[in-house]
Amino acid sequence: MSSITASPSHKKKSATTDERVGKKSTLSILLGRPEIGALVGAVALFIFFAIVAPVFLSPASLATVLYGASTIGIMAVGVSLLMIGGEFDLSTGVAVISSALSASLVSWYFGLNVWVGIVVALLVSMLIGFINGIILIKTKLPSFIVTLASFLMLTGLNLGLTRAIGGSVSSPSIANMEGFQSAKAVFASSVNIGGIEVKVTVFIWLAMVLIASWILLRTKVGNWIFAIGGDEKAARAVGVPVVRTKIGLFMAVGFCGWVLGMHNLFAFDSVQSGEGIGNEFLYIIAAVIGGCLLTGGYGSAIGGAIGAFIFGMANKGIVYAEWNPDWFKFFLGLMLLLATVVNIVVKKRAESSK
Amino acid sequence: MKTRKNKKTEELLEKLEPKTSDNLLTFKGVGKHYGSIIALRDVDMVVDPGKVTCVLGDNGAGKSTLIKIIAGLHQHDEGEFMLHGSAIKLKSPRVALDAGIAAVYQDLAVVPLMPIWRNFFLGSELTTGVGPFKKLDVQKMKDITKQELSDMGIDLRDVEQPIGQLSGGERQCVAIARAVYFGAKVLILDEPTAALGVKQSGVVLRYILQARDRGLGVIFITHNPHHAYPVGDSFLLLKRGRSIGYYSKSEITVGELTAQMAGGAELAELAHELEQLGGHDEELSEAEAGATSQTTA
Ligand SMILES: Nc1ncnc2c1ncn2[C@@H]1O[C@H](COP(=O)(O)OP(=O)(O)O)[C@@H](O)[C@H]1O
Ligand SMILES: [Mg+2]
Chain F
1 MSSITASPSH KKKSATTDER VGKKSTLSIL LGRPEIGALV GAVALFIFFA IVAPVFLSPA
61 SLATVLYGAS TIGIMAVGVS LLMIGGEFDL STGVAVISSA LSASLVSWYF GLNVWVGIVV
121 ALLVSMLIGF INGIILIKTK LPSFIVTLAS FLMLTGLNLG LTRAIGGSVS SPSIANMEGF
181 QSAKAVFASS VNIGGIEVKV TVFIWLAMVL IASWILLRTK VGNWIFAIGG DEKAARAVGV
241 PVVRTKIGLF MAVGFCGWVL GMHNLFAFDS VQSGEGIGNE FLYIIAAVIG GCLLTGGYGS
301 AIGGAIGAFI FGMANKGIVY AEWNPDWFKF FLGLMLLLAT VVNIVVKKRA ESSK
Chain Y
1001 MKTRKNKKTE ELLEKLEPKT SDNLLTFKGV GKHYGSIIAL RDVDMVVDPG KVTCVLGDNG
1061 AGKSTLIKII AGLHQHDEGE FMLHGSAIKL KSPRVALDAG IAAVYQDLAV VPLMPIWRNF
1121 FLGSELTTGV GPFKKLDVQK MKDITKQELS DMGIDLRDVE QPIGQLSGGE RQCVAIARAV
1181 YFGAKVLILD EPTAALGVKQ SGVVLRYILQ ARDRGLGVIF ITHNPHHAYP VGDSFLLLKR
1241 GRSIGYYSKS EITVGELTAQ MAGGAELAEL AHELEQLGGH DEELSEAEAG ATSQTTA
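For the protein sequence lines, the chains are F and Y, in the order given. Using our numbering, the letters of the first sequence correspond one by one to residues 1 to 354. Using our numbering, the letters of the second sequence correspond one by one to residues 1001 to 1297.
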């Protein structure tokens, strides 16, 4: 877990050093990390595609792979934190679309600057997270049931409200509305790096991973997230604000959904109201491949990012290798299985033995 | 039988009455039910600083219920629970902790996969910096954890290791050291020795005494009178949710305590059965002795 990383402030000799602890080798420190399985898998997959499809190594291809990874990875950040906190969310896929629809329908219907719609969408996303969290706390039902219910309800709302307001299955175009260009620049532009166009979502994604890692390893809240996922009762008994932390996690997932929703909207100018279904599993898969335990209390934000990167590589790598993309899902399933087995081994190592 | 006990309790409470405000905790006729199940009724008890109050009883006697009331996990429905002489109801463990009441639970309030130092400071983390850049003071927390544990005589190799790797006794000790460090005035231990071997139990008992010597009021819950008697100053006996006796150490011997716990009537019955069977002289005299000491206690 977190702690196994040696912090840089270790230089001064402290009370924590003890002659009975053999200096841990870098290797054994690495082997104790939750994301080690994913890292090995990512490197293997990278080498594999580099061999079977040399075009994979071109900077442009890498930028494409990173873009694919970022669209999963942005959500995987929140989903990983939530999973470490012991819960998961099946409504994320459609909640992304709900957010995008809120922004576009509100600004189109009222003829407002799209930034107003963007703010409304943020509130909607956070509210969805809050409601998921509060229902979970109040009913004490498992998150599987609670978020399955909100998945179904949001699916219905997305379709129903879009048709009722815009009169079609897709939201009306907002391309000519005020604020569209600036919003597109923020959520769906590209950055030119050495002649290669890299999508802005890649940078947003990396920034979010860094912030999430910081929160997880270096703040009180991070400590609480691990604790409520590891043993909720114990956490409550020592005074951890379990309810606040859990609801906060669902709202963080909502925030990630907003970021991705805004990208989806401004990458084009309208949203298909039936989209998003099934994507929730991709985010969960990225988190699990990245070493987050389904049972909670163990994992990392970096792991979720590596999981998303694996997803991006497999997704695009198959295309570069000129294989039939039908095989992609098979790949994904196999990887998930392997990753879960590796996770169990890593967790056992962390729990017992030295 | 019932009147005798009530009288005894009254006497004890009377003795303690004049200095009620010096008592850390006072229980008067406290009761608690879960729906229609009466888990606890009519319990009187006093906890003093620098003293160990033992709560004894069989499984299901209501011991855990009692401490959950003190620790703020549940609230009592009847009677009075007083802290420093004023009646209170603790709404949450956080409130109890802030009032100086720390509990170490049977099912251990630690998160196994988290490092020892993170567990030690869980819920009361130290931070440096301000605003959004406020971060955990990792090095300081590690140093304090190591120091506090070694002050308690617990010599751990590495505070980075997940607490799940420690033995049951060591985990209890970390939890006790944590309570002491965070300035607990009342330390509650729910069956800390139940799952431990003889040697480990001895170690935990030693930490109970250390906590007592530092001036904490310790509530030690156990079903083993041989663990309770050597460290205890007063003894509350629970049976099926009722108090069946409250004694100070001078009033009772370890044999009487055992007999009380086993229940005089049951022992008398056992003696009777053994007598009828014949040929178990030694066991018979033991059971009889137990039954007698019960009635004379
Ligand atoms: N949360 C609860 N809901 C319903 N009944 C409970 C609950 N907790 C304890 N009980 C019941 O209350 C009684 C006392 O339990 P407990 O205090 O755990 O006893 P002990 O710790 O002495 O073994 C038991 O009969 C138990 O079944
Ligand atoms: Mg119990």
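No lab work stands behind these hints, which were simulated from the structure alone. Hints are supplied without guarantee of correctness; some may be wrong.
Restraint ranges, calculated between C-beta atoms of paired labels, are given here [what the hints assert, rightly or not]:
hint : chain 1 : residue 1 : chain 2 : residue 2 : range
1    : Y       : Asp-1151  : F       : Val-345   : 32 to 42 Å
2    : F       : Ala-207   : Y       : Val-1130  : 20 to 30 Å
3    : F       : Val-345   : Y       : His-1084  : 34 to 44 Å
4    : Y       : Gly-1153  : F       : Lys-348   : 25 to 35 Å
5    : F       : Phe-330   : Y       : Gly-1153  : 54 to 64 Å
6    : Y       : Lys-1140  : F       : Lys-348   : 44 to 54 Å
Positions of the beta carbon are idealized from the N, C-alpha and C atoms, including for glycine.
Status of the hints after comparison with the structure:
1. For the hinted restraint 32 to 42 Å between Asp-1151 of chain Y and Val-345 of chain F, the CB-CB distance of approximately 37 Å keeps it satisfied.
2. In this structure the hint that Ala-207 of chain F and Val-1130 of chain Y lie 20 to 30 Å apart at CB holds, the actual value being about 22 Å.
3. The hinted window of 34 to 44 Å between Val-345 of chain F and His-1084 of chain Y is violated, with their beta carbons roughly 52 Å apart.
4. The beta-carbon spacing between Gly-1153 of chain Y and Lys-348 of chain F, approximately 31 Å, falls within the hinted interval of 25 to 35 Å.
5. In this structure the supplied range 54 to 64 Å holds for Phe-330 of chain F paired with Gly-1153 of chain Y, their Cβ-Cβ distance being about 58 Å.
6. The given range of 44 to 54 Å is broken by Lys-1140 of chain Y and Lys-348 of chain F, whose C-beta atoms sit roughly 31 Å from each other.
When each numbered hint is compared with the structure, violations occur for hints 3, 6.
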